[in-house]
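These protein sequence lines map, in sequence, to chains A and B.
21 is the number of the first residue of the first sequence in my numbering; add one for each residue after it.
21 is the number of the first residue of the second sequence in my numbering; add one for each residue after it.
For the record, the hints were derived by calculation from the structure and aren't laboratory data.
Certain hints may be false.
Where chains are identical, the list cannot tell them apart; a pair therefore holds if satisfied intra-copy or between any two copies.
To be verified - As a list, the in silico EDC-like pairs of lysine to aspartate or glutamate whose alpha-carbon atoms are at most 20 Å apart:
#1 195 to 79
#2 111 to 152
#3 82 to 45
#4 195 to 158
#5 95 to 26
#6 188 to 165
#7 185 to 72
#8 46 to 152
#9 195 to 94
#10 195 to 154
#11 82 to 23
#12 195 to 43
#13 188 to 91
#14 82 to 154
Note that the coordinates shown come from a computational prediction; the quantities given were computed from them, not determined experimentally.
2 protein chains.
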Amino acid sequence: MSDFLDLCRRRQSCRDYADRPVEREKLINCIEAARMAPSGCNSQPWSFVVVDNPQLVPEVAKSTQHFGLNEYFEKASAFIVVLEEHAVLIKRIRAFIDSQYFARHDLGCATMSICLAAEAQGLGTCIIGVFDRERLCELLGLPREQRFACVIAVGYPANDTVRPKVRKSMEEIAKFI
Amino acid sequence: MSDFLDLCRRRQSCRDYADRPVEREKLINCIEAARMAPSGCNSQPWSFVVVDNPQLVPEVAKSTQHFGLNEYFEKASAFIVVLEEHAVLIKRIRAFIDSQYFARHDLGCATMSICLAAEAQGLGTCIIGVFDRERLCELLGLPREQRFACVIAVGYPANDTVRPKVRKSMEEIAKFI
Chain A
21 MSDFLDLCRR RQSCRDYADR PVEREKLINC IEAARMAPSG CNSQPWSFVV VDNPQLVPEV
81 AKSTQHFGLN EYFEKASAFI VVLEEHAVLI KRIRAFIDSQ YFARHDLGCA TMSICLAAEA
141 QGLGTCIIGV FDRERLCELL GLPREQRFAC VIAVGYPAND TVRPKVRKSM EEIAKFI
Chain B
21 MSDFLDLCRR RQSCRDYADR PVEREKLINC IEAARMAPSG CNSQPWSFVV VDNPQLVPEV
81 AKSTQHFGLN EYFEKASAFI VVLEEHAVLI KRIRAFIDSQ YFARHDLGCA TMSICLAAEA
141 QGLGTCIIGV FDRERLCELL GLPREQRFAC VIAVGYPAND TVRPKVRKSM EEIAKFI
């Protein structure tokens, strides 16, 4: 267990990457971890575009900087674009909630698996929530109506410092009854 | 890395639990893993109610069965109720998206961390998305307007069989470009 908690503690938003390509196999492992994630009625409302082509990577980086944000990701070696797909819940559940309702939660599960799988392989990641989706659709050949969950920057961290995590205390967030 | 992928592969929705209490320390470890999860602008839009009181656990189980669903969870030893809290994104991000928009994705990250932390400690979990929220508010002393992400059943699995996972193939869900 301490191994897993260590992994959670080491994982951090990495904003400075080494100039070193990421092995394709490691990226595949990240997607494999996401593929195993749970989802409402096993609907698996996700797909992934993994970009590691050195010509395309800077273009994806730029699409995250469109709004004057995310200047950090110039040096990421790869991006994993997490897409929201159509979810179909079983009928007994659909009676209570809309099929797409759980999708964002499920996509969060898949994203967490990717970031932890990356960390377990010595890779840094950062989840990016704001980007130019029209430009991304263009770059990745996706339909304009495509829904996105997030874009994950991936690369070897430029240094191995684990910053102290700023988090609410256990007492603030948890009640045991 | 193979350790982490193994963990992802072993984690499954557990619907049959042994008659054995879960140590409080293991539940705390699960929340600790969630506490470390990433969130939009580090907003940490979550809180957790961990129920392991043997009088209260069956009542929470019943609240998940209200609609004739989830008959499996009679034997769970504990429940972790994952609550959605108010998120505040930084101003530059708020200019583009509503503060609560990422919350469900963030809560998925936290939920995944809980389920993997449980698995790493030999515990089974199952994420429950439909439940009687009014009854849960009553049982847990929560305000009626409380938002919920999910309820996670926790307990020692009745057996250690890892069922084959039914998942879309890597080819179906991932494109490498």
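Here is what the structure says about each hint:
no. : hint       : in the structure
1   : 195 to 79  : between (45 Å within a copy, 17 Å between copies)
2   : 111 to 152 : between (36 Å within a copy, 18 Å between copies)
3   : 82 to 45   : neither (25 Å within a copy, 45 Å between copies)
4   : 195 to 158 : between (46 Å within a copy, 15 Å between copies)
5   : 95 to 26   : neither (26 Å within a copy, 31 Å between copies)
6   : 188 to 165 : neither (37 Å within a copy, 22 Å between copies)
7   : 185 to 72  : neither (29 Å within a copy, 28 Å between copies)
8   : 46 to 152  : neither (27 Å within a copy, 42 Å between copies)
9   : 195 to 94  : neither (41 Å within a copy, 22 Å between copies)
10  : 195 to 154 : between (43 Å within a copy, 19 Å between copies)
11  : 82 to 23   : neither (36 Å within a copy, 35 Å between copies)
12  : 195 to 43  : between (42 Å within a copy, 16 Å between copies)
13  : 188 to 91  : neither (27 Å within a copy, 35 Å between copies)
14  : 82 to 154  : within (12 Å within a copy, 46 Å between copies)
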